[in-house]
Amino acid sequence: MTPLAGLVACVAALLGTAILAVLTARSGRSTPVVYCASLVFSGIALITALASLAAGLPSTGASALVLPVGLPWLGSHFRLDPLAAFFLTVINLGGVLSSLYALGYGRHERAPHRVLPFFPAFLGGMNLVILADDAFTFLISWEFMSLASWALVMAHHHDASNRKAGYIYIVMASFGTLALFIAFGLLAGPAGDYGFAAIRISEHPPLTAGLVLVLLLLGAGSKAGLAPLHVWLPLAHPAAPSHVSALMSGVMTKVAVYAFIRVVFDLLGMQVWWSGIIILIVGSGTAVLGILQALMESDLKRLLAYSTIENIGLIFVSLGLALAFKANGMGLAAALAMTAALFHVLNHSFFKSLLFFGAGAVLMATGERDMDKLGGLIHRMPVTSIVFLVGSVAISALPPFNGFVSEWLAFQAILQSPDLPQWGLKILVPAVGGLLALSAALAAACFVKAFGVTFLGRPRTIAAGQALEVDRLSLAAMSILAALCLLAGILPGIVIDGLAPVTLSVIGDRMPVQTDIAWLSIVPIAESRSSYNGLLVFLFTLFSASLTAYLIRRFASRALRRAPAWDCGFPEMSPATQYTAGSFAQPIRRVFGTLVFRVRESVDMPAPGDLRPARFAVEAHDLIWEWLYLPIAGAVGFAAEKLNYLQFLTIRRYLSLVFLALVFLLLVLALWS
Amino acid sequence: MVVISALLVQSLQMALVVLLAPLLTGFIRLIKARLLRRRGPSMIQPYRDILRLLRKEVVLAESASWLFRVTPYLIFAITWVAAAIIPTFATGLIFSWTADLIAITALLGSTRFFLALAGMDVGTSFGGIGSSREAMIATLAEPSMLLVIFTLALIAGSTQLSTIAAFMTSPQVGLRVSLAIALIALIMVAVAENGRIPIDNPATHLELTMVHEAMVLEYSGRHLAMIELAASLKLLLYISLIACIFVPWKLAALGEGPSAYLVGMLAYLIKLAAGGALLALFETATAKMRVFRVPEFLGAALMLGLLATLLRFVSRSL
Amino acid sequence: MSGPVLDIAHMLAGGLVLVSMMMLYQDRLYALLNVFALHSLILTLSVAWQAFVQDAPHLYVTAAIALLFKAIVIPVVLHRMIRQLGIHREIETVVGIGLTMLAGIGLVALATAVMLRVTPQADPLAREDLAFALSVLLLGLLIMVTRRNAVSQVVGFMSLENGLVLAATGAKGMPLVVEISVAFSILIAFIVIGVFLFRIRERFDTVDVRALDDFKGRRRK
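Protein chains in written order, with the numbering used here: chain R, 345 to 1017; chain U, 2 to 319; chain W, 496 to 716.
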């Protein structure tokens, strides 16, 4: 059985599990069966995809499959190439770990029949999107994936905010699919051949290429979370159960990135030079906007969703650079930028899943998502806090974890850009570099806040004070991800070499071989230019820390005594005097928020002698929501109300409408040449 | 043989930076005091302070966690690693290729990350003040630093410090506008990162003016000793960084004999002294800014860094 | 076919258009009904002539239906209904008679233009017959649209149907003409009975709002 056939069989098995879950989900006992099944099938798919990527894939033949389902004259085409194999690895790894986590987390689900059938269906849909090799199969799988995830978002529909999230999600998903529809229509051209193989070969005029790029930014970008189409993401991702949130943020957004890379890099083939500019602007804007929004949040899952938006922006910045380099024929630099983007795809799926699992664990243990009601969990949930800390350090791009490596590669790609000839790019790229650095610094601040307010300090409510550590399966899933974060950070050369076939197939070039460099460093261009060795930095730090600890133990006093906190001499203060999420973000809110969110703070102080409490109010505006979405919704509402008049016409007026339509059509017939 | 001597040089560097850091801090305090027409403490007072703290008992808050106890070791170790890679008296250190300037900045960023977490660990409002203000300063200082690194990398063609230092000594470099702007931006960032006046007062214990001191308020004994040593080390790191990039003369290259190292070491001591004196002068001459003027100061540094990078992107000769 | 044969068919069709225009001109219900009877009579003649010329005996049945039903029965029934229900006997028009006639002329021109554009290869006289039929159809629609009175709208509908029958019989060899005309006649019968049974009086131009509003769920703007 060829790997491709095996993968399609795994997808079929997942869909079968979904059907089984529909029949049996009312009884709570099918939960472990369904999750075990999805774990096994995703695991098989993961191993198949990894093996294909490592062993090398032929360009045709054993990697193409046509099934007679679907449109009668088209059938369904499936194909496995290095790009698909890489993204399948990412998806199925997320699926395996999410199923493992859900074996523990899913026991607490109140409405299993609303979650169980859709979870394997969601996994199967995502796999199908990657495997699809013609537009019809692609769009069907895309819609299937959207609908399955929508059903999961609406799982807890009794909550009004979840219903609103589901509504906005379905509207934006439909809009995205429409954009993709039009894009594929443009690509298929007048010949109407929707198979990817045919689209790849045919020539596309520059206008079509530009339109397809914009439509992909709208369609795939809205699913990935690019501004200004990101508004559904912070509402929908937190509304779903935590293991699904991890899949949606860590994996589904990557399916959208895959769609973008597949169409823009692979199917379009040729690029106009300004395409890189658009993507760079959109990507960097998204990154900064996303992380600033995350800093303003006090809901832990919403903060993580906004952070996803930031990371997607970073990925698209690297993709934009790759596009710009490729359009100008700088193959090596393009391979570097593309490697940075794909590495970040992998990294983000690791640490974002880990963080969402941690948030789910906190939710399971305390029943709270609001950080201002948590605190001190490091004492009650030791393992969860360690893995969440690893995730926070990784996402803040700090060595020796993996986030730093992809950030470093992106910066190295930016340093290649003075060789670009176009002036627009020359002026834009340093600004983009600055914005990238800014978003990295803001991300670190955001995750200090997230970890600090949630896990450190003293418990702010009783629920936080009585939290218990979660079950071992969830902890196992999180620990595996934490270990992967560390491994990818200290052995980046292996990952880069694993990505080489992907960049070869997409860009046509690859980075120099990394695994034969001494001491497992990575050298993106040349030894004299720059190099980084995660393993040695890690070992060096461990060595210095051990040496310090030894010296201190040897020469310093070992006495230690517990006492009440010093707090500048103030006596035992209530936990309410601790910094909350909002107060931690207040300086940053003042610096950036007054511009970006029109933040206004107001204090209502009572006069001396007046006993009423003082009130502090912060008013922030989401400008994209207010200036883009509300006017559009208002216009639609206005048009609908005006058109409502048509419901109340007399019979004679309806007849007049028919008459006028008939006369108009006859006129057209008469006059049109 | 070469490897062993290289390792020896690296270890010498590591020992040197740790030993010199408190001396530098003492020197700066002495100069500041003399400028204020006071006698001031002796230059070796910081050594005495550290030894005293090492011998004292640690008083740990009841709500402090393992993170609070591990952080001082971690911060000191990371700062030590970063300081060990910077060419002080010789370039081409054996571990300098493991981390370039971007990695060094990220390492210092991780010290700030953990220190901010430690500030929030005990659960008092002072820790929160320090951590939140430190986070704000970091969000502006780090991008400025990275833009300065970009400028340097674009001029020298590499982000490796040894290569940059070697390039700066060569006659190719000349006077460039972007380099001058980058120098000013780097000085501003260095002042901010080390918590010196006008950003933060290292000698204060007033809540209104605390940033770094607020985060370490609950530390005592050997933990406090390590944190203070790490802070001195960070200051030494930044001054060495500015010295090796902008005044790189007399840096011994790899493989030169011990006399070259000695000359390099002497030159290094002179550069440190000069840097410390200038810092003391600067601190005495200005007053500390209000906390919300700091973003304007750092915003200016960010804009200068961006300008320098832009100039380099636009023209190779600027 | 020879000249005079086609000329007669042509003339009858043209006569039908003329009578339709006359219907536009009427402002009293009894007069309208009488003109409608004339309209149906001319239709009968035209269909009978076609039956004779095309040698299609089943068309005589259609002519008989047209004569019996539309020229005699319907006008009489409507006459009595008007008298019994006391329906207002003045026809209220939406726009003035002059403007309506102008619109009628425009519609005839449009129908002619369309037909001549769409059928370039056909026999010229056949094309003009079709153009006349389309004109009658459009004029019937115009009557329906510009009259506020229920009875006049029914008359307009019936004249529209006459135009269809004219077109159907003019095209040689069209199947099921008889069946179509029977079906249309039954439809007309039901409409008239419906008007009679539900006693919708003058103001056919308004709607009983209350029941409809419940169904539509929103208040009237």
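Among the hints, a few may not be true.
What the hints assert, rightly or not - To give an idea of the chain R side of the interface with chain W (calculated C-beta under 10 Å), a few residues:
no., residue
1, V515
2, I995
3, L1010
4, W1016
Said to hold, decoys possible - If you only want the chain W side, here are some residues facing chain R, beta carbon under 10 Å, derived:
no., residue
5, I586
6, V589
7, A606
8, V609
9, L611
10, L633
FYI, nobody ran anything at the bench for these hints, they're computed from the structure. Computed from a predicted structure; not experimentally measured. All residues carry an ideal CB built from backbone N, CA and C; glycine is no exception.
Against the structure, the hints:
1. Taking 10 Å as the C-beta cut-off, the interface hint given for R/V515 is violated, the closest approach to chain W being about 22 Å.
2. With its C-beta approaching chain W no nearer than about 7 Å, R/I995 sits inside the 10 Å limit, and its interface hint holds.
3. At about 5 Å, the closest approach between the beta carbon of R/L1010 and any beta carbon in chain W falls short of 10 Å, and the interface hint on this residue holds.
4. Here the hint on R/W1016 is kept, as its CB sits about 9 Å from the closest CB of chain W, short of 10 Å.
5. With a least beta-carbon distance of about 13 Å to chain R, the hint placing W/I586 at the interface is violated under the 10 Å criterion.
6. Because the closest C-beta pair between W/V589 and chain R is about 8 Å apart, less than 10 Å, the hint holds.
7. Because the beta carbon of W/A606 sits about 7 Å from the nearest beta carbon in chain R, less than 10 Å, this interface hint is met.
8. Annotation: interface hint on W/V609 holds; nearest CB of chain R at approximately 5 Å, less than 10 Å.
9. Because the beta carbon of W/L611 sits about 9 Å from the nearest beta carbon in chain R, less than 10 Å, this interface hint is met.
10. A cut of 10 Å between beta carbons decides the hint on W/L633: the least distance to chain R is about 7 Å, and the hint holds.
In this structure, the earlier hints numbered 1 and 5 are contradicted, and the remaining ones agree with it.
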